[in-house]
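2 protein chains.
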Amino acid sequence: MINIAIMGFGTVGSGVAEVLTKNHDSIARKCGEDIRIKYILDLRDFPDSPFADRVIKDFELIEKDDDIKVVVECLGGLHPSYEFVKRCLLSGKSVSTSNKELIAEKGDELLQIAKDNNLNLLFEASVGGGIPIIRPLDQCLAANEVYEIAGILNGTTNFIMTKMIREQMPFEQALKLAQELGYAERDPSADVDGDDACRKICILASLAFGRHVFPSQCYTEGISKITLEDVEYAAQIGGVIKLIGRCKKLPDGRVTLMVAPTIVMRSCQLANVEDVFNAILVRGDAIGDVVFYGRGAGKLPTASAVVADVMDCVKHLNRRKYLFWEKGAPDYVADYREWETSLYVRASSFDAEAAFEKAKEIFGEDIRRLHREAEPAGELAFVTGKDTEIVLMQRMRIYENSGCSVIGCIRVCDL
Amino acid sequence: MINIAIMGFGTVGSGVAEVLTKNHDSIARKCGEDIRIKYILDLRDFPDSPFADRVIKDFELIEKDDDIKVVVECLGGLHPSYEFVKRCLLSGKSVSTSNKELIAEKGDELLQIAKDNNLNLLFEASVGGGIPIIRPLDQCLAANEVYEIAGILNGTTNFIMTKMIREQMPFEQALKLAQELGYAERDPSADVDGDDACRKICILASLAFGRHVFPSQCYTEGISKITLEDVEYAAQIGGVIKLIGRCKKLPDGRVTLMVAPTIVMRSCQLANVEDVFNAILVRGDAIGDVVFYGRGAGKLPTASAVVADVMDCVKHLNRRKYLFWEKGAPDYVADYREWETSLYVRASSFDAEAAFEKAKEIFGEDIRRLHREAEPAGELAFVTGKDTEIVLMQRMRIYENSGCSVIGCIRVCDL
Numbered sequence: 000m001i002n003i004a005i006m007g008f009g010t011v012g013s014g015v016a017e018v019l020t021k022n023h024d025s026i027a028r029k030c031g032e033d034i035r036i037k038y039i040l041d042l043r044d045f046p047d048s049p050f051a052d053r054v055i056k057d058f059e060l061i062e063k064d065d066d067i068k069v070v071v072e073c074l075g076g077l078h079p080s081y082e083f084v085k086r087c088l089l090s091g092k093s094v095s096t097s098n099k100e101l102i103a104e105k106g107d108e109l110l111q112i113a114k115d116n117n118l119n120l121l122f123e124a125s126v127g128g129g130i131p132i133i134r135p136l137d138q139c140l141a142a143n144e145v146y147e148i149a150g151i152l153n154g155t156t157n158f159i160m161t162k163m164i165r166e167q168m169p170f171e172q173a174l175k176l177a178q179e180l181g182y183a184e185r186d187p188s189a190d191v192d193g194d195d196a197c198r199k200i201c202i203l204a205s206l207a208f209g210r211h212v213f214p215s216q217c218y219t220e221g222i223s224k225i226t227l228e229d230v231e232y233a234a235q236i237g238g239v240i241k242l243i244g245r246c247k248k249l250p251d252g253r254v255t256l257m258v259a260p261t262i263v264m265r266s267c268q269l270a271n272v273e274d275v276f277n278a279i280l281v282r283g284d285a286i287g288d289v290v291f292y293g294r295g296a297g298k299l300p301t302a303s304a305v306v307a308d309v310m311d312c313v314k315h316l317n318r319r320k321y322l323f324w325e326k327g328a329p330d331y332v333a334d335y336r337e338w339e340t341s342l343y344v345r346a347s348s349f350d351a352e353a354a355f356e357k358a359k360e361i362f363g364e365d366i367r368r369l370h371r372e373a374e375p376a377g378e379l380a381f382v383t384g385k386d387t388e389i390v391l392m393q394r395m396r397i398y399e400n401s402g403c404s405v406i407g408c409i410r411v412c413d414l
Numbered sequence: 000m001i002n003i004a005i006m007g008f009g010t011v012g013s014g015v016a017e018v019l020t021k022n023h024d025s026i027a028r029k030c031g032e033d034i035r036i037k038y039i040l041d042l043r044d045f046p047d048s049p050f051a052d053r054v055i056k057d058f059e060l061i062e063k064d065d066d067i068k069v070v071v072e073c074l075g076g077l078h079p080s081y082e083f084v085k086r087c088l089l090s091g092k093s094v095s096t097s098n099k100e101l102i103a104e105k106g107d108e109l110l111q112i113a114k115d116n117n118l119n120l121l122f123e124a125s126v127g128g129g130i131p132i133i134r135p136l137d138q139c140l141a142a143n144e145v146y147e148i149a150g151i152l153n154g155t156t157n158f159i160m161t162k163m164i165r166e167q168m169p170f171e172q173a174l175k176l177a178q179e180l181g182y183a184e185r186d187p188s189a190d191v192d193g194d195d196a197c198r199k200i201c202i203l204a205s206l207a208f209g210r211h212v213f214p215s216q217c218y219t220e221g222i223s224k225i226t227l228e229d230v231e232y233a234a235q236i237g238g239v240i241k242l243i244g245r246c247k248k249l250p251d252g253r254v255t256l257m258v259a260p261t262i263v264m265r266s267c268q269l270a271n272v273e274d275v276f277n278a279i280l281v282r283g284d285a286i287g288d289v290v291f292y293g294r295g296a297g298k299l300p301t302a303s304a305v306v307a308d309v310m311d312c313v314k315h316l317n318r319r320k321y322l323f324w325e326k327g328a329p330d331y332v333a334d335y336r337e338w339e340t341s342l343y344v345r346a347s348s349f350d351a352e353a354a355f356e357k358a359k360e361i362f363g364e365d366i367r368r369l370h371r372e373a374e375p376a377g378e379l380a381f382v383t384g385k386d387t388e389i390v391l392m393q394r395m396r397i398y399e400n401s402g403c404s405v406i407g408c409i410r411v412c413d414l
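As they're listed, the protein sequences go chains A and B.
Using numbering that gives the first Met the number 0, read the first sequence as starting at 0 and increasing by one per residue.
Using numbering that gives the first Met the number 0, read the second sequence as starting at 0 and increasing by one per residue.
Note that these hints are calculated values from the structure, not bench results.
Be careful, since some hints might not be right.
Said to hold, decoys possible - The calculated lysine-lysine pairs, modelled on DSBU-like cross-linking and capped at a C-alpha distance of 30 Å, are:
| hint | chain 1 | residue 1 | chain 2 | residue 2 |
| --- | --- | --- | --- | --- |
| 1 | A | K29 | B | K357 |
| 2 | A | K21 | B | K85 |
| 3 | A | K320 | B | K224 |
| 4 | A | K105 | A | K56 |
Said to hold, decoys possible - Listed below are several chain B residues computed to face chain A (Cβ distance under 8 Å; list not exhaustive):
| hint | residue |
| --- | --- |
| 5 | V18 |
| 6 | K29 |
| 7 | I130 |
| 8 | R134 |
| 9 | L299 |
| 10 | V306 |
Stated by the list, open to error - With the C-beta cut set under 7 Å, the calculated list includes, among others, these residues of chain A facing chain B:
| hint | residue |
| --- | --- |
| 11 | L89 |
| 12 | P131 |
| 13 | R282 |
| 14 | A285 |
| 15 | V290 |
| 16 | Y292 |
| 17 | S303 |
| 18 | D350 |
Where a beta carbon is used, it is the ideal one built from N, C-alpha and C, also for glycine.
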């Protein structure tokens with residue numbers, strides 16, 4: 000029998016206890032060991048919980064108990080998660096965590112400590128909730144040189160975009176609905192501003208390319224500026240607007256990555272991913288395109304991924320799995336503006352025709368004008384040809400200085 | 000350094016050698032060992048191959064060489080693959096195979112031998128080509144009770160159906176094109192008749208539910224009878240016809256499975272899987288729906304899955320992974336006709352109106368009539384309500400005896 004501890008008894012933590020109890024027998028059969036929850040660390044009390052008797056408030060009880068072989072971290076946030084996980088590893092306990100912020104900020108350091116102590120630090124649940132992605136990327140696609148990953152990594156924003164696209168629901172109203180349904184926090188900024196997706200693409204980039212990428216190195220843009228007009232124009236070129244996290248390996252060995260609302264063509268597998276679902280597209284030299292799709296959040300999906308990691312830790316006590324990446328570096332991440340893209344631009348001008356002619360002068364003859372129903376006079380939308388963002392943004396400034404006020408612009412994805 | 004042997008130097012076997020060579024350094028880094036191809040077993044000679052010097056014709060050289068720790072089986076077919084793989088395991092060598100027929104027919108026996116000898120028998124490439132599915136099902140979803148799997152498991156038939164749906168290309172012509180493009184064999188029966196998909200769903204069912212299911216236990220129906228008229232009627236109810244392999248766990252512990260052309264609603268993730276791509280939908284009690292998408296065949300995708308297994312074998316020498324299932328049994332698989340479904344029925348009669356009234360009498364008032372452009376007089380198509388196939392087929396016989404000749408019928412999927 001293996002004793003484990005759960006740190007944090009919130010949504011995911013209580014889900015972990017629920018899955019371990021509900022599927023106890025098949026889990027025991029599959030990993031050849033009985034798994035017993037000995038401690039649950041939380042500052043709150045849970046008098047009505049069946050696990051009430053295991054709830055403790057003192058972390059040291061876990062740290063000092065050699066009976067505990069595996070610790071589940073579901074506290075979230077960076078502190079005290081970081082300190083606790085570090086101390087668990089230093090005291091010889093493998094760790095399974097769902098904490099994306101922790102792995103995105105401290106993954107390289109913690110993986111090194113795990114390696115030095117021949118322990119496992121697993122985090123399948125940190126990206127894509129219950130969707131298997133970390134292990135497949137590390138093992139199943141190991142024979143590939145993965146060179147690009149693009150994904151819908153945040154269910155809340157995808158739900159909001161789906162409502163805007165399918166039901167022409169304005170952003171604010173869709174956000175409110177997401178909050179009512181419990182998909183979005185009262186403070187939705189981490190989702191809406193793209194921070195959550197940023198942490199996830201950083202973890203995927205670190206794992207796929209072998210060196211740590213920090214959230215501070217990832218250009219991140221949220222969806223709060225997206226309007227129904229943008230959605231309508233995007234549809235006109237056969238696209239939908241999605242919050243996409245992308246990373247790419249460059250020929251010189253550096254990586255480039257970003258999180259931003261992006262117009263994705265309907266023909267792309269990511270375009271059909273709706274509501275709170277997530278999907279991750281992985282490109283490898285041998286495999287070509289692979290897509291992983293499922294619920295990116297939610298109590299039980301996330302918990303099932305954590306428990307799968309716990310089972311893996313139990314099967315690999317005193318024998319590390321190879322999940323690992325090297326320390327990061329400032330010059331490892333290239334300027335995202337070197338990325339080639341085309342832009343959807345929406346502008347207003349007293350004379351749309353003249354403004355379009357001006358746009359042709361500045362962006363080139365190959366720009367394509369878009370129209371929508373009931374288009375107000377003076378509104379203009381077009382898609383530019385492909386170029387690096389540096390060049391496109393220069394032209395954008397020139398264009399604005401020429402008297403056209405740009406209302407918004409969105410990258411058009413060439414996936 | 001680890002020495003391996005490759006049995007069978009056809010498409011997949013040569014792909015394995017190519018991937019191991021092309022990505023040699025990163026593979027060595029990832030599994031902490033240099034992997035060297037010592038032998039290639041094939042009856043043919045390959046004088047122009049860079050591996051010409053390793054080609055042997057005598058299996059015993061591999062069997063008797065204790066230097067060989069891992070053997071790759073890409074011979075295909077049941078014999079001599081079965082005998083060779085068995086002898087490899089009995090002589091202490093782990094095996095990675097892409098051979099679905101071998102695993103579907105002999106998996107339980109070979110897995111037992113691997114277990115008894117503390118060796119690994121891995122077969123990620125046997126289902127979904129390069130798509131990670133075996134390992135995720137075994138590990139990532141291990142905390143779930145998986146209760147249903149449905150998939151587009153054969154790229155050739157999916158290519159044909161896509162041509163029929165997108166371009167109204169008749170079956171025979173689409174098949175011919177698939178052969179010209181190298182997607183279909185000169186004898187296409189294994190693909191077109193569903194045998195290939197049958198083997199794959201058997202492997203998935205065996206792994207997900209823990210006991211061996213044999214191809215002979217799986218009701219299998221091919222796509223050769225599907226017409227453009229069927230495609231047109233299916234579109235009218237918002238569906239597309241796909242060759243779907245499905246398996247389900249029943250409350251009484253038995254399983255039911257089948258491979259058959261099925262009308263899938265456009266809203267289902269499987270409906271948007273086109274051309275030679277495969278997709279596998281897995282349903283678990285905690286995770287909900289997860290979909291794995293990618294190239295189900297092809298030299299390099301399949302080879303990359305085989306090589307990933309080789310790397311896993313190398314990382315786990317003398318330490319089994321838990322991939323395993325129990326022996327099968329005749330009474331373990333329930334009659335597929337107990338499965339509830341609704342049916343699309345196409346019939347002809349001198350008087351379509353009367354035939355529809357008759358259909359209502361026999362199938363019930365809730366049947367829905369379908370129409371298509373330029374529908375010839377006397378043609379009738381409708382969708383029945385949901386019931387077990389046993390009941391529906393009885394009604395079908397009664398209907399035919401009432402003077403309506405049924406041209407075709409296709410199950411409508413409730414995924």
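Checklist entry - Can the hint on B:R134 be confirmed by a CB-to-CB distance to chain A that is less than 8 Å? => result holds, 5 Å
Item to check | Interface hint for A:R282, Cβ within 7 Å of any Cβ on chain B | outcome: With Cβ-Cβ at 10 Å, over 7 Å, it is violated.
Checklist entry - Given B:L299 was flagged as interface, is its beta-carbon under 8 Å from a beta-carbon of chain A? => result With a closest approach of 4 Å, the B:L299 hint holds.
Item to check | Hint check: 8 Å Cβ-Cβ cutoff, B:V18 to chain A | outcome: Holds - the Cβ of B:V18 comes within 8 Å of chain A, reaching about 5 Å at its closest.
Item to check | Evaluation of the interface hint that places B:K29 against chain A, nearest CB under 8 Å | outcome: Holds, because the Cβ-Cβ distance from B:K29 to chain A comes to roughly 5 Å (cut-off 8 Å).
Next on the checklist: Let's test the interface hint: is any C-beta of chain B closer than 7 Å to that of A:S303?
Outcome noted: holds, 4 Å
Checklist entry - Has the given pair, A:K29 with B:K357, been kept, meaning a C-alpha gap of at most 30 Å? => result violated, 54 Å
Next on the checklist: Need the status of pair A:K21, B:K85: alpha-carbon distance at most 30 Å?
Outcome noted: violated, 38 Å
Next on the checklist: For the restraint on B:V306, tell me whether the closest CB of chain A is nearer than 8 Å.
Outcome noted: holds, 4 Å
Checklist entry - Can we keep the A:D350 interface hint, with Cβ of chain B closer than 7 Å? => result violated, 42 Å
Next on the checklist: Just to be careful, I want the Cα atoms of A:K105 and A:K56 compared with a cutoff of 30 Å; is the pair within it?
Outcome noted: Satisfied, since the Cα-Cα distance of roughly 24 Å is no more than 30 Å.
Item to check | Hinted contact A:Y292 with chain B - closest CB pair below 7 Å | outcome: holds, 4 Å
The structure fails to meet hints 1, 2, 3, 11, 13 and 18 from the earlier list, while all remaining hints are met.
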